[in-house]
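*Asks:* Quick note, the sequences are listed as chains S and P, same order. Here the first sequence is numbered in the working numbering, starting from 1 and rising by one per residue. Here the second sequence is numbered in the working numbering, starting from 1 and rising by one per residue.
No wet-lab data here; the hints were simulated from the structure. Please note that the accuracy of each hint is not assured.
[What the hints assert, rightly or not] Have a look at the derived ranges for each label pair, beta carbon to beta carbon:
hint : chain 1 : residue 1 : chain 2 : residue 2 : range
1    : P       : Tyr95     : S       : Trp108    : 21 to 29 Å
2    : P       : Val68     : S       : Val183    : 26 to 34 Å
3    : S       : Met140    : P       : Asp250    : 37 to 45 Å
4    : S       : Val183    : P       : Tyr95     : 53 to 61 Å
5    : P       : Gly245    : S       : Pro222    : 26 to 34 Å
6    : P       : Ser84     : S       : Phe136    : 34 to 42 Å
7    : S       : Gly40     : P       : Ala111    : 30 to 38 Å
8    : S       : Glu41     : P       : Ala54     : 31 to 39 Å
9    : P       : Gln125    : S       : Gly40     : 33 to 41 Å
10   : P       : Lys64     : S       : Phe136    : 29 to 37 Å
11   : S       : Ile205    : P       : Ala54     : 21 to 29 Å
12   : P       : Gly207    : S       : Ile10     : 55 to 63 Å
Yeah, the Cβ is synthetic: ideal placement off N, Cα and C, and Gly gets one too.
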Amino acid sequence: MKRHHVVVRITHWVNAIALTIMVGSGLRIFNAYPAFARRGETFCCYPFERRPIPASLTFGGWLAGARNWHFAMMWVLALNGLVYLGFIYLHGEWRDLVPRRGIFRDAWEMVRFYLTVRKDHPRQGKHNALQRLAYFSMPMVGIMAIVTGLAIWKPVELSPLTGLLGGYVWARYWHFWAMLLLVALTFGHIFMVFTVDPYSIPSMITGKYREDLSPEARNARPFVHLLPTNTRDDVPQP
Amino acid sequence: MSRNPDPSLVIRPARSTHPAEQLGIDRRRFLAASGGALGALLLAACDSQGPESAKGILKFAEEKNEIVERALLSHSSMDVPRKSAKIAGERFPSYFVSRHVPVWDEAARGAWRLEVGGMVAKPLQLSLADLGSLPRTGYRLDHFCVEGWTAVAVRTGVRLSDLARLAGVDPHARYVDFQSFDDDYHESWDIESAMHPQTLIVYAQDGRYLNAAWGAPARVYSPTKLGYKNTKYLTKIMFMPERNGGYWSDRGYEWYGGV
Chain S
1 MKRHHVVVRI THWVNAIALT IMVGSGLRIF NAYPAFARRG ETFCCYPFER RPIPASLTFG
61 GWLAGARNWH FAMMWVLALN GLVYLGFIYL HGEWRDLVPR RGIFRDAWEM VRFYLTVRKD
121 HPRQGKHNAL QRLAYFSMPM VGIMAIVTGL AIWKPVELSP LTGLLGGYVW ARYWHFWAML
181 LLVALTFGHI FMVFTVDPYS IPSMITGKYR EDLSPEARNA RPFVHLLPTN TRDDVPQP
Chain P
1 MSRNPDPSLV IRPARSTHPA EQLGIDRRRF LAASGGALGA LLLAACDSQG PESAKGILKF
61 AEEKNEIVER ALLSHSSMDV PRKSAKIAGE RFPSYFVSRH VPVWDEAARG AWRLEVGGMV
121 AKPLQLSLAD LGSLPRTGYR LDHFCVEGWT AVAVRTGVRL SDLARLAGVD PHARYVDFQS
181 FDDDYHESWD IESAMHPQTL IVYAQDGRYL NAAWGAPARV YSPTKLGYKN TKYLTKIMFM
241 PERNGGYWSD RGYEWYGGV
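Construct the entire structure; sequences and hints are all you get.
*Replies:* Here you go:
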């Protein structure tokens with residue numbers, strides 16, 4: 001049995017590409033006016049007003065280029081997200097992702113383990129409690145990004161939505177925060193994959209996963225027990 | 001599934017090969033190759049416009065987006081700025097494409113007139129006084145710039161739908177082109193956005209006649225269009241069967257530019 005269904009694997013990588021382009025082009029759009037204040041006003045809650053994002057982190061080359069990418073890729077991101085959510089709902093994978101009772105207690109145990117307060121890896125199913133929280137938050141923040149994005153794309157035609165978010169200026173701010181959260185979750189995810197469970201990378205490509213190399217089996221925390229212990233029963237020791 | 005019946009019970013792994021080794025790749029080479037590929041991808045992406053071959057896809061997406069935007073456009077959805085929003089006043093940005101602030105040269109070009117023509121039964125030539133004598137409409141409105149900023153101003157003028165009625169626009173006219181004396185600046189619109197009740201031919205901002213920086217003597221303004229679609233320094237309003245592009249629309253910005 002594969003660890004991840006082929007639909008999950010494809011939507012994962014489509015999402016990775018679409019999200020990268022959306023963030024890059026979004027930052028390029030932001031740089032056309034790297035502030036939130038309405039003209040003639042000040043904005044309370046962004047300390048870097050009028051300081052642009054480094055161009056090397058942006059995509060699209062110029063404002064129109066970035067906008068064209070952003071407004072094309074948004075459909076890929078949204079439709080891909082719908083396929084993913086529809087699939088995990090119908091196929092049952094949502095059970096591995098939706099927080100269960102005691103999720104915060106279990107997550108706290110994971111934190112204690114990572115901080116070496118606790119010696120043994122907490123028992124888990126497919127994902128540990130921190131992963132569950134992260135993988136559940138990701139689509140939620142994605143929905144937040146789409147809703148706030150719609151609100152600033154059409155602040156007049158969808159004015160009830162924009163109004164609900166506090167108006168155009170605030171909707172734009174929430175859209176920026178959605179981006180920050182998505183980037184933070186993504187970097188956390190990538191960091192944990194490489195420092196705790198790099199053996200899960202093939203499982204998101206071919207679907208194959210060796211349970212005997214799982215973080216729980218290795219008792220692995222970031223950078224610790226990264227390599228499997230060098231004992232092989234089937235090979236004579238020197 | 002793994003060879004072990006209950007993986008959660010396994011403490012010590014049975015085998016030690018790296019996934020890359022199983023694929024017959026040297027571990028060091030695997031790392032170098034994946035690092036190189038990632039670096040190349042990042043370099044290609046940074047601050048670039050993306051691959052040339054994507055242009056067609058982007059154009060396709062813009063056409064499909066226009067269908068969605070047209071479907072969303074409604075003559076009953078009105079822009080109402082937040083109560084707390086301040087009028088930008090003197091802080092309202094000014095913008096034009098000429099080297100200097102465009103000013104109508106009466107000595108060289110005669111008195112300014114706004115021409116309403118194209119597919120109309122009765123072409124109009126309106127002076128500023130003529131515009132002022134027509135039914136006056138004023139709104140406190142948001143301005144949505146393509147760059148992402150907004151500003152609030154009170155816009156006073158004549159509804160374009162009133163002017164259209166006066167000129168007797170042909171029902172087959174589908175587009176409107178707004179032309180200016182700011183070099184060759186113009187932008188064409190779909191007629192539905194042009195007939196929105198908040199689409200005005202504006203001659204006053206914040207209760208005063210427009211100054212040169214803000215598009216005097218008259219400009220089109222609608223909160224349903226991004227700033228660049230709202231031509232300033234108006235000379236002609238042409239009703240047409242086909243679209244006619246626009247200054248920024250021809251330079252890569254989306255033609256529809258709806259809000």
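*Asks:* Hint by hint, which ones does the structure fall short of?
*Replies:* The structure conflicts with hints 1, 4 and 5, although it agrees with all the remaining ones.
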